[in-house]
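Enquirer: Read off the chains here:
2 protein chains.
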Amino acid sequence: MRILFHLPLSPFSRKVRLALGEKRIPFDLRTERVWERREEFLAMNPAGTVPVLTEENGLAIADSAAICEYLDEAYPDIPLIGRTLAERAEVRRLVCWFDNKFHAEVCRNLYHERHMKRLMGRGNPDAAAIRAGYQNLKPHLEYLGWLAESRPWLAGPNLSLADLAAAAQLSVLDFIGDVDWSLNDAAKEWYARVKSRPAFRPLLADRVSGMTPPDHYVDLDF
Amino acid sequence: MRILFHLPLSPFSRKVRLALGEKRIPFDLRTERVWERREEFLAMNPAGTVPVLTEENGLAIADSAAICEYLDEAYPDIPLIGRTLAERAEVRRLVCWFDNKFHAEVCRNLYHERHMKRLMGRGNPDAAAIRAGYQNLKPHLEYLGWLAESRPWLAGPNLSLADLAAAAQLSVLDFIGDVDWSLNDAAKEWYARVKSRPAFRPLLADRVSGMTPPDHYVDLDF
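Keeping their order, the protein sequence lines are chains P and F.
Its first residue numbered -13, the first sequence is counted upward by one per residue in the working numbering.
Its first residue numbered -13, the second sequence is counted upward by one per residue in the working numbering.
Among the clues, some could well be false.
All copies of an identical chain are treated as equivalent in the list; a pair is satisfied when it fits inside any one copy or across any two copies.
[As the list claims (entries may be wrong)] Here are the simulated lysine to any residue pairs, SDA-like style, with alpha carbons at most 20 Å apart:
| hint | residue 1 | residue 2 |
| --- | --- | --- |
| 1 | K87 | H98 |
| 2 | K87 | A118 |
| 3 | K103 | I116 |
| 4 | K103 | E91 |
| 5 | K174 | E41 |
| 6 | K87 | M102 |
| 7 | K124 | G34 |
| 8 | K103 | A90 |
| 9 | K124 | L28 |
| 10 | K9 | D201 |
| 11 | K87 | R23 |
| 12 | K87 | N31 |
| 13 | K87 | P32 |
| 14 | K124 | A191 |
| 15 | K87 | M30 |
| 16 | K103 | K124 |
| 17 | K9 | A90 |
| 18 | K87 | L28 |
| 19 | K103 | A29 |
| 20 | K87 | D63 |
| 21 | K87 | A29 |
Honestly, the hints are just simulated from the structure, not real lab data.
Could you build the full structure based on these sequences and the hints that come with them?
Expert: Here is the structure:
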């Protein structure tokens, strides 16, 4: 069986889970406690990070960007990276925006400080990082809202990996109660649309020991 | 004419310059002082980063990952991301390794602290970051050397974007004199092979005001 090694609150694992779901590709989930540095896991991904996808033929694919490109090539029926060269450039630009820029400026400052540090026993959250994370969230939600108002989906006419990358990052912050959705109506309306897709349902069912998401996390009309 | 907006010592710009060179795609270079936040540039890439590639038909592509995927799709004659699904997964895993992990653990700590901060007038280098960068370089060179010894090129039988991503990061550190090549012979031998390719020549000719690269920077038998 196809297996995705993941962590429930890893935004990059969530992006791949959403991509597999949208493409209707069946898979089993396996939680990988990356901080234990399991030898068989490091052999598949020397970087020691989730997600890693293994196919039944033995192929192991590491890094969420490599996995998503692989999925669109190996299972092209429901494309997620656009059709024309211009569409594909815009999808990938936005995926990089959310994977790199949003993650570094917002998600990492909040999710890593408030969740991962505790999980990995790496001390107390850094208050300055958390402040920066909250400050950076606002312009990011404004940009997202502007995209959502200008186009049917973030990268253009169709739902794409850009929507999934953005929703994956935001869903993790939403789980830990860190998104003030009143900051931007268009961003909130877009998130409600992504959240109500069948591929999103498993993410809403995630539970992490010692953490309770806010009530609106599972509410489709939050 | 095709234009690449870049900075001479941006490793991500260098990766794209090498990819364009290997593919024999002609282009003009234009230096973009990203810290001036030029409006026309921000319209092409709201992230405000180099590289950005513009095609003659008006298409602007932002983010080096998006540009490299675009180049392999639009100009497939000389492929740089592998042929089979397994090869492509391995090339992309390693590109992500060097673009993200190597950059964050080594290149950013050295190049950003020692070069970009001065360029952008953002204060003095952080000694702890520079120490961390040097410490992290050693295991990274060992991994690179191990790959170079196990395979003809880093990701497999053919030169690929993985070699270009790695060489781009290392070439920037080499320019500022921060690579101790005596740490790993196999890594050094691999770098000499990449460095002697015609696509690399323009990078060796780069000059940046106020900085003189060490003599071995341009030496193919360093």
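Enquirer: Confirm or reject each hint.
Expert: Structure-based check of each hint:
Proximity of K87 and H98 under a CA criterion of 20 Å is satisfied in both settings, with 15 Å inside one chain copy and 17 Å between copies. In this homomeric assembly, K87 and A118 come within 20 Å of each other (Cα to Cα) only inside a single copy, at 13 Å, whereas the closest approach across copies is 23 Å. Taking the shortest Cα distances, K103 and I116 sit within 20 Å of each other inside one copy (13 Å), while across copies they are farther apart (24 Å). Taking the shortest Cα distances, K103 and E91 sit within 20 Å of each other both inside one copy (17 Å) and across copies (19 Å).
Taking identical chains as interchangeable, the C-alpha atoms of K174 and E41 are never at most 20 Å apart, the minima being 36 Å within one chain and 35 Å between chains. For a Cα distance limit of 20 Å, the shortest separation of K87 from M102 qualifies both inside one copy, at 19 Å, and across copies, at 18 Å. Proximity of K124 and G34 under a CA criterion of 20 Å is satisfied inter-copy only: 18 Å between copies versus 32 Å inside one chain copy. Taking CA atoms no more than 20 Å apart as the test, K103 paired with A90 passes in both settings, with 16 Å inside one copy and 19 Å between copies.
When the C-alpha separation of K124 and L28 is checked against a cutoff of 20 Å, the pair qualifies only between copies, where the shortest distance is 19 Å, while the shortest distance within a copy is 37 Å. For a Cα distance limit of 20 Å, the shortest separation of K9 from D201 qualifies neither inside one copy, at 29 Å, nor across copies, at 53 Å. Taking CA atoms no more than 20 Å apart as the test, K87 paired with R23 passes between copies only; the shortest distance there is 17 Å, against 27 Å inside one copy. With identical chains, the CA atoms of K87 and N31 are at most 20 Å apart between copies only, with a shortest distance of 12 Å across copies and 23 Å within one.
In this assembly of identical chains, the alpha carbons of K87 and P32 lie at most 20 Å apart only when taken from different copies (11 Å versus 24 Å within one copy). Taking CA atoms no more than 20 Å apart as the test, K124 paired with A191 passes in neither setting, with 27 Å inside one copy and 43 Å between copies. Proximity of K87 and M30 under a CA criterion of 20 Å is satisfied inter-copy only: 16 Å between copies versus 27 Å inside one chain copy. Taking CA atoms no more than 20 Å apart as the test, K103 paired with K124 passes in neither setting, with 24 Å inside one copy and 26 Å between copies.
In this homomeric assembly, K9 and A90 never come within 20 Å of each other (Cα to Cα): the closest approach is 28 Å inside a single copy and 32 Å across copies. Proximity of K87 to L28 under the C-alpha cut-off of 20 Å is restricted to the inter-copy arrangement: shortest distance 15 Å between copies versus 27 Å within a copy. Neither within a single protomer nor between protomers do K103 and A29 lie at most 20 Å apart by alpha-carbon distance, with minima of 25 Å and 37 Å respectively. In the homo-oligomer, the alpha carbons of K87 and D63 never lie at most 20 Å apart, since the shortest distance is 30 Å inside one protomer and 32 Å across protomers.
Taking the shortest Cα distances, K87 and A29 sit within 20 Å of each other only across copies (17 Å), while inside one copy they are farther apart (29 Å).
Hint violations for this structure: numbers 5, 10, 14, 16, 17, 19, 20, all remaining hints satisfied.
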